[in-house]
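Q: One letter stands for each residue in the lines below.
2 protein chains.
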Amino acid sequence: MRIGIIGTGVVGQTLGGKLISLGHRVTLGSRDKDNEKALAWAGQAGPDGHAGTFAEAAAFGELVINATGGTVSLEALRAAGAEHLSGKLLIDVSNPLVFGPDGGVSLDPVNTDSVGERIQREFPEARVVKALNTLNCALMVEPAKLTGEHNLFIAGNDAGAKAETVALLGEFGWPSEWIVDLGDIAGARATEMLMPFWLRMMGHFGDAEFNYSFRRAG
Amino acid sequence: MRIGIIGTGVVGQTLGGKLISLGHRVTLGSRDKDNEKALAWAGQAGPDGHAGTFAEAAAFGELVINATGGTVSLEALRAAGAEHLSGKLLIDVSNPLVFGPDGGVSLDPVNTDSVGERIQREFPEARVVKALNTLNCALMVEPAKLTGEHNLFIAGNDAGAKAETVALLGEFGWPSEWIVDLGDIAGARATEMLMPFWLRMMGHFGDAEFNYSFRRAG
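Protein sequence lines, in the order shown, are assigned to chains H and U. Take the first sequence: its position 191, counting from 1, is numbered 191 in this note's numbering, and each next residue is one higher. Take the second sequence: its position 166, counting from 1, is numbered 166 in this note's numbering, and each next residue is one higher.
Hints were generated in silico from the structure; no laboratory data involved. The beta carbon of each residue, even a glycine, is placed where N, CA and C say it ideally should be. Hints are not guaranteed to be accurate.
Okay, the calculated bits of chain H under chain U, using three or more residues with CB under 8 Å as the criterion [stated by the list, open to error]:
id: 1; segment: 136-148
id: 2; segment: 178-185
id: 3; segment: 189-196
Chain U side only, calculated, beta carbon under 7 Å to chain H, not exhaustive [unchecked claim]:
id: 4; residue: 106
id: 5; residue: 107
id: 6; residue: 150
id: 7; residue: 166
id: 8; residue: 189
Please take these sequences and the hints and turn them into a complete structure.
A: Written out as structure tokens, the structure reads:
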């Protein structure tokens, strides 16, 4: 499958590398065509890995992944172009972290809106699914690093798009029964708002090698 | 121990009943002295259960629990009186849920502040610990309802107050190693902001009989 990844950070690079290892073709998109990170990534990714602009990555992909920071995602997707997103599954992995001058972290948007919802509103022809924004990217692509069942969460308005997302996550190693459907795209608020808790738990554990699980009666 | 509970809802009543069963004495405090829910609760609670005003409950308690809704907690604690909270462990169980006209739920405060922090700022002589606001009250007092290890989270500025909280939770049945210290009282933001996720997970499970757990490597 041809996959366009918007964003050249460690999340985009990690997802891109995994997708290529699975036999997909990937274009990693950046603001500028000569982005050094993207070119370096493509240089070591082999013949199925390419670097390009946001628009080139989105045009290339039959499926598009937003791996930019949540505070700049809308701007990046505008540059990618609505015409290159229309009708496609758009997996939104972002969290809208705002780093304060005091080292504190907050979210924008939050509470009554989310990046996932904003993207779906601005690109109504895209089939947006919020996913993978609740854990470290090394775990996104290798869930077996952790022991026992642990969970991913998806949210979106299009049932078919969510099924396609579950299938792709299955290629990463996620059993479908570990993936919880939180409902419509407003569920993106719920998972984006986990970030302050996740950061405190990272402080507790001392590393990012953990994920959520649930206990039930009997 | 004498314990004052601010708030007469199901959370306050459930905690009060459990505390009495453990041998403590409890005054359940309400805005009005003739609150029917509090009087009915005291009527069936036995000789160790009393009903009173917010101020009477706070004055009674060697330890005080805030079990009011988070949007009215400050007002209730002002009525309880700073002089009745000074020097005491104040366990804040609240979540600041705001129910919108469309059935939607949001939080106020959120993101850059929390009820836990507001209480600590307004009552600097109280030793505030945020705790128990991440699960259903039936599970708060009976963790063995669920199978396997699952977690509670505490946050506060006073190490001694957190140790006292862990001891009390131990009486409820929580092993100390299941209780995660998230750090200072600003950690209350993290757990209060779990509520939208918790509500979506309740929708997924179809009931409130679940709690958070974590998976780690090897």
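Q: Of the numbered hints stated earlier in the document, which are not met by this structure?
A: 7
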